[in-house]
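Sequential numbering from 16 applies to the sequence shown in my numbering.
Because the hints were derived from the structure by calculation, they are not lab data. Take the hints with a grain of salt, since some may be wrong.
[What the hints assert, rightly or not] Okay, the calculated beta carbon distance ranges per label pair:
1. Ala298 with Ala67: 26 to 36 Å
2. Ser139 with Gly106: 27 to 37 Å
3. Arg64 with Leu207: 26 to 36 Å
4. Gly106 with Thr144: 36 to 46 Å
[To be verified] Pairs of lysine to aspartate or glutamate, DMTMM-like flavour, derived with a Cα cap of 20 Å:
5. Lys182 with Asp143
6. Lys205 with Glu235
7. Lys182 with Glu299
8. Lys205 with Asp239
9. Lys182 with Asp61
10. Lys182 with Asp132
Even for Gly, the Cβ is constructed at its ideal location relative to N, Cα and C.
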Amino acid sequence: MTLRAVILNDTSTRYHHGCSRVMRLLVEGLERHGLTITARSPARHDWARDEAFLDAMRAADVIVINGEGTLHHGRPAGARLLEVAGHEARGATPIALVNALWQDNPAEWSGPLSRIDLIAARDSASADTMAQAVGREVRWLPDLSLSAPANIASPPRHGVIVGDSVKPGPRRVLGRAATRLTDAMLVPTKTLTGGIWRHAPARAALAAAWYGALGLPVLEMPADEAAYLHRIARARLHLTGRFHAVCLSMLTETPFLALGSNASKIERLLADAGLGPERLVRAEALSPPPETAPFSEAELTAIRGFRDMAQRRAETLFADIAALPEGTA
C-alpha cells in the first residue's frame with residue numbers, strides 16, 4: 016500500500032543552498048521508506064488558506080513539519096506551523112516534527128507541541144527543552160544537511176571564501192574582513208537566479224549593498240547545492256555567519272570560523288559536534304582576519320563521528336516516520 020505524506024515549511028523555495036539540501040534529503044529519505052509526497056507547503060506560505068494543500072492533508076497518512084530554524088523566540092511563522100496540530104484537516108493523522116530548533120518560545124506553545132506524535136530536534140538543547148514542554152522524551156539528531164555524504168571529490172584547497180549572515184551587522188563585519196584578505200572571494204549561502212546577476216557590474220553593486228563595503232573581492236553565487244559544496248570544498252578557510260554554511264563546511268572538512276546568528280544555533284551545533292568554542296568568533300577576531308585556521312586531528316575525528324551519527328539517526332528517523340500510520344490504524 017502506498018502511504019501519502021505532506022510537508023509543511025518547504026524551505027527549498029528560499030534559494031538557500033543549505034535549505035535546498037535539507038529538503039532534498041528529507042524527501043529522498045521519506046521516499047526511500049515508502050512514502051509518497053503528495054503536497055509541499057512552502058516556507059511562509061499561508062497553508063491554512065490553501066484549499067489544495069488542505070485537501071492533500073486530509074488524504075495524507077502522515078504530516079511532516081520541517082522545523083528548520085523557524086521555532087524560536089515565539090516567531091509568528093513558528094506559531095502558524097504548530098497550528099496544524101489542532102486543525103480540522105489534520106483529523107487524527109499522525110504528525111512528525113523534524114529538524115527543529117527550539118529556543119525561547121512562549122509557554123502556550125507547549126500545548127500544540129504535545130499533540131505532535133514524533134518530535135525530532137536538530138540539537139540536544141532543543142530536545143531537552145521540548146521534552147520538558149511535552150513531558151516525554153524527544154530525540155535529536157544533527158541537521159539533515161549532514162545526513163548524507165557530500166559525494167564530491169577532494170580538490171586542492173586554496174583561498175578564503177567569505178559567506179554572509181542573516182543579520183546586517185555580522186554581514187558588514189564579513190565584508191570588511193573580505194577587503195583585508197589577500198586571496199578571498201565572496202560566496203554567500205543564498206543565491207539569486209535572475210540573469211542580471213551573471214554580469215560582473217551587477218554583482219559588484221549587489222556585494223557593495225549587501226556587505227556595506229567597497230573594494231570587495233569578486234562575488235560568486237553558485238547556482239545550486241552541488242556547486243556550492245564544490246566551492247566550499249576548494250577553500251582552505253570559510254568565514255561565515257550562517258548555520259548551514261558551518262554544516263556544509265563540516266561535511267566537506269573545510270576549516271571555518273563563524274560569527275553568531277539570530278539564535279544560538281551555531282553554538283549548539285559546535286557543542287553537539289564536540290568542537291570547542293574557538294570556531295565561533297567575535298567581530299574583533301576578524302580585524303584583521305586570519306588567512307588560515309586548520310582543523311586539528313581531534314576536531315576532524317569529532318566531525319567525522321558527528322557525520323556518521325547524523326546519517327545513522329536520520330535513517331532511523333525516516334523509518335519511524337513511515338511507521339507512524341501503523342500506530343494509528
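Right, here's what the structure says about each hint:
1. Distance hint check for Ala298 and Ala67: the Cβ-Cβ separation is about 46 Å, which falls outside the suggested range of 26 to 36 Å.
2. At about 33 Å, the beta-carbon gap between Ser139 and Gly106 stays in the expected band of 27 to 37 Å.
3. Look at Arg64 against Leu207: about 28 Å separates their beta carbons, and that is inside 26 to 36 Å.
4. Judged by the Cβ atoms, the range 36 to 46 Å given for Gly106 and Thr144 is violated: they are separated by roughly 28 Å.
5. Among the hinted pairs, Lys182 with Asp143 is inconsistent with the structure: their alpha-carbon atoms are about 27 Å apart, more than 20 Å.
6. At roughly 11 Å between alpha-carbon atoms, Lys205 and Glu235 fall within 20 Å of each other, so this suggested pair holds.
7. Among the hinted pairs, Lys182 with Glu299 is consistent with the structure: their alpha-carbon atoms are about 17 Å apart, no more than 20 Å.
8. At roughly 9 Å between alpha-carbon atoms, Lys205 and Asp239 fall within 20 Å of each other, so this suggested pair holds.
9. Under the criterion of a C-alpha separation no larger than 20 Å, the hint pairing Lys182 with Asp61 is inconsistent with the structure, at around 25 Å.
10. Under the criterion of a C-alpha separation no larger than 20 Å, the hint pairing Lys182 with Asp132 is inconsistent with the structure, at around 34 Å.
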